[in-house]
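Sequence lines, in order, name chains U and W. For the first sequence, the numbering used here begins at 1 and goes up steadily by one. For the second sequence, the numbering used here begins at 1001 and goes up steadily by one.
Read the hints as simulated data drawn from the structure, not as lab findings. The structure displayed is predicted, hence computed values, not measured ones. All C-beta atoms in this analysis are idealised placements derived from N, C-alpha and C, irrespective of residue type, glycine included. Any given hint could be a false lead.
[Stated by the list, open to error] Simulated coverage check for chain U against chain W, where a stretch passes if three residues somewhere in it have a Cβ under 8 angstroms from a Cβ of chain W:
{"hint": "1", "segment": "12 to 18"}
{"hint": "2", "segment": "51 to 57"}
[As the list claims (entries may be wrong)] Not everything, but these chain W residues come out facing chain U in the computed CB check (under 8 angstroms):
{"hint": "3", "residue": "G1020"}
{"hint": "4", "residue": "L1034"}
{"hint": "5", "residue": "R1039"}
{"hint": "6", "residue": "D1040"}
{"hint": "7", "residue": "Q1051"}
{"hint": "8", "residue": "L1091"}
{"hint": "9", "residue": "L1093"}
{"hint": "10", "residue": "Y1178"}
{"hint": "11", "residue": "I1279"}
{"hint": "12", "residue": "A1281"}
{"hint": "13", "residue": "L1283"}
{"hint": "14", "residue": "Y1289"}
[Claimed, not checked] Some chain U residues well away from chain W (every beta-carbon gap over 10 angstroms; in silico):
{"hint": "15", "residue": "K2"}
{"hint": "16", "residue": "I68"}
{"hint": "17", "residue": "V73"}
{"hint": "18", "residue": "L74"}
{"hint": "19", "residue": "T77"}
{"hint": "20", "residue": "L84"}
{"hint": "21", "residue": "N126"}
{"hint": "22", "residue": "L148"}
{"hint": "23", "residue": "V150"}
Listed below are the residues making up each chain.
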Amino acid sequence: MKLFSLLILCYILLIIQISVVPEAIVAGSRPNLILVMLCFTLFWCRDATVFLWGILAGLIYETFDSAIPGTGVLLLTSLVWVALRVQLHFQIRSLISRFVLIFVLAFVFDGLFQILNRLEANTLPNLSSLAHHAAGNALYTAVAGFGLLVSFKIILRLVPIEFGQSLRNESVYKSRFSH
Amino acid sequence: MKRATRSSEIKLALLAILTGICLYLMPSAYSSRLYNLIRDASKPGLVLVQQIKSLRYASAETPLPLTDVKQLETKLSELQQENRRLELHSLKLSEDLGRLKQTGVPSYQSSAGERLLVPDLIEAELLGDSSIALLKEGKLLNQGGERGVFESSFVLESDLPVIDQGEQQGVKAGYSIYAGQAVIGKVNEVGRWTSSLIPVTSVDYRGSARIARKTEQGLQMGVDGILVGMGEGRCQLLQIPPTESIQIGQEVYTGEVDRELPLSMQSTLGQPMYYGRIIDAKLPRGAPYWKIIVEPAVKLSEVKQVSVLRKIVNPRRMLTN
Chain U
1 MKLFSLLILC YILLIIQISV VPEAIVAGSR PNLILVMLCF TLFWCRDATV
51 FLWGILAGLI YETFDSAIPG TGVLLLTSLV WVALRVQLHF QIRSLISRFV
101 LIFVLAFVFD GLFQILNRLE ANTLPNLSSL AHHAAGNALY TAVAGFGLLV
151 SFKIILRLVP IEFGQSLRNE SVYKSRFSH
Chain W
1001 MKRATRSSEI KLALLAILTG ICLYLMPSAY SSRLYNLIRD ASKPGLVLVQ
1051 QIKSLRYASA ETPLPLTDVK QLETKLSELQ QENRRLELHS LKLSEDLGRL
1101 KQTGVPSYQS SAGERLLVPD LIEAELLGDS SIALLKEGKL LNQGGERGVF
1151 ESSFVLESDL PVIDQGEQQG VKAGYSIYAG QAVIGKVNEV GRWTSSLIPV
1201 TSVDYRGSAR IARKTEQGLQ MGVDGILVGM GEGRCQLLQI PPTESIQIGQ
1251 EVYTGEVDRE LPLSMQSTLG QPMYYGRIID AKLPRGAPYW KIIVEPAVKL
1301 SEVKQVSVLR KIVNPRRMLT N
């Protein structure tokens, strides 16, 4: 059920990313919805399966960004690995900390992905402008992710069907502070 | 964390890294298949979004005034012509580049010399039925009638369209006639002041033609074929071998050499001129050539002014002598 829900969410976000996001650019920045989906799997799965989602997301980036093959997969899985360790270590649950995690992940990914793909063609722009652009995209991504997280929370409270149990995966966290 | 969980995490991380490295190393022909699969998977969703968008636009769209439509159509046709001109320019440049690559650049700087024969376009007007009737009766040009100066009866009695330029203006049979950049026919009979023309759609018309393919490298010309008129506003392109890739909508241009004319009569502007667009193409089983139907870009009924292409001695060379 969890896998199926995430697959549907991934597909919907991919379609929105391709067809709607180009019309929703604000000050030259655009949200990165596939990364938002990856963060959601990180929040909801909290196990090693996020690597598979990382591979899928990387492939999607490489497909639609005409990137160097393999760069998206390598970069995303590496970042997801770090994010998973951070997630498990700090037990990130609050909306604010998730917002920050999405922002940092989007910023690092956007910056490194641009650098990796432009390095080969020797078209690397000024690093400060690149960081500025990546920060704009990351902020937009984090806001979109935050909005989606809030709306999911509202929907889960309003809808009587218990989707939440399958998505939350409470059992993974073991309190390290109770004993 | 349990050891098993940590182990599966490392295994999956290694799998991901291996996937990335494999994608980087494998030939793009194989990796592009995977990317195409993802593109294909996203297609149904995109089609759905497109349909929703088109429905929304259709409901919100108000019809444009007729004048605006006409203006837009004119602008579109101008832009299409400009686009075609640029494509041809790019083709010429790429041909020049190819030739330079093959022969090498000369060691010394060379300056372009003046050609002896240069193409020259003369404007001509299509004569209407009333004008032809006056010519026939000798009422329009009767000044030399007493001395036996009459317009050629071959021209006047022909059913073909007539233009107001003839032998005195240097027009010869076989010269090409254009409307802008599009070919509309060639000169048939030449009289003293007028000439008759064979439209491209006439069954008597034959001309060398090539199909242009749009590729990533720009416009590329195919092999030369023969364009013949079919009547009823259509032409047929013959002698195109089955090895050529033909698609409906491809553009047809004049060929390098018009096989119907002797070399001294070749009247090209040094660049391909536009015939029209392919509207139907079939390759019957076992047939040696494609069966291609072409719709001309310009109908004769739509134009009043045309240009006749002739070759003249370069005036600059004359001046230097």
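We went through each hint and held it up to the structure:
Proximity of the segment 12 to 18 of chain U to chain W, defined as three or more residues with a beta carbon under 8 angstroms from a beta carbon of that chain, is established by the 4 residues found. For the segment 51 to 57 of chain U, the assignment as covered by chain W holds, since 4 residues bring a beta-carbon within under 8 angstroms of that chain's beta-carbons and 3 suffice. Evaluation of the G1020 of chain W hint against chain U yields a held restraint, the C-beta minimum of about 3 angstroms falling below 8 angstroms. Annotation: interface hint on L1034 of chain W holds; nearest CB of chain U at approximately 7 angstroms, less than 8 angstroms.
Here the hint on R1039 of chain W is kept, as its CB sits about 6 angstroms from the closest CB of chain U, short of 8 angstroms. Of the supplied interface hints, the one on D1040 of chain W is violated, with its beta-carbon coming no nearer than about 10 angstroms to a beta-carbon of chain U, more than 8 angstroms. A least Cβ separation of about 11 angstroms between Q1051 of chain W and chain U goes past the 8 angstroms threshold, and the interface hint is therefore violated. With 8 angstroms as the threshold, the beta carbon of L1091 of chain W stays out of range of chain U, its nearest partner Cβ sitting at about 26 angstroms, so the hint is violated.
Taking 8 angstroms as the C-beta contact cut-off toward chain U, the hint placing L1093 of chain W at the interface is violated, the least distance being around 24 angstroms. Here the hint on Y1178 of chain W is broken, as its CB sits about 42 angstroms from the closest CB of chain U, past 8 angstroms. Below 8 angstroms, beta-carbon pairs count as interface contacts, and I1279 of chain W has none with chain U, the closest being about 33 angstroms; its hint is therefore violated. Interface hint status for A1281 of chain W: violated, as the beta-carbon distance to the closest one in chain U is roughly 32 angstroms, over 8 angstroms.
Against a cut-off of 8 angstroms between C-beta atoms, the interface hint on L1283 of chain W is violated, since the closest Cβ of chain U lies about 34 angstroms away. Taking 8 angstroms as the C-beta cut-off, the interface hint given for Y1289 of chain W is violated, the closest approach to chain U being about 39 angstroms. For K2 of chain U, the shortest C-beta to C-beta distance to chain W comes to about 17 angstroms, beyond the 10 angstroms cut-off, and the non-interface label holds. Chain W draws I68 of chain U into its interface by the beta-carbon criterion, the shortest separation being 7 angstroms against a cut-off of 10 angstroms.
Once the 10 angstroms rule is applied to beta carbons, V73 of chain U is inconsistent with being away from chain W; the minimum gap is 4 angstroms. With a closest Cβ-Cβ approach of about 3 angstroms to chain W, L74 of chain U is found to fall inside the 10 angstroms limit, against its non-interface label. Under the 10 angstroms C-beta cut-off, the non-interface status given to T77 of chain U relative to chain W is violated; the minimum distance is some 4 angstroms. The Cβ of L84 of chain U sits about 8 angstroms from the closest Cβ of chain W, inside the 10 angstroms cut-off, so the non-interface label is violated.
Remark: the non-interface label on N126 of chain U is consistent with the geometry, its nearest Cβ contact in chain W lying 27 angstroms away (cut-off 10 angstroms). For L148 of chain U, the condition that its CB be more than 10 angstroms from all CB atoms of chain W holds, with the nearest at approximately 18 angstroms. Residue placement check: V150 of chain U keeps its beta carbon more than 10 angstroms from all beta carbons of chain W (closest about 24 angstroms).
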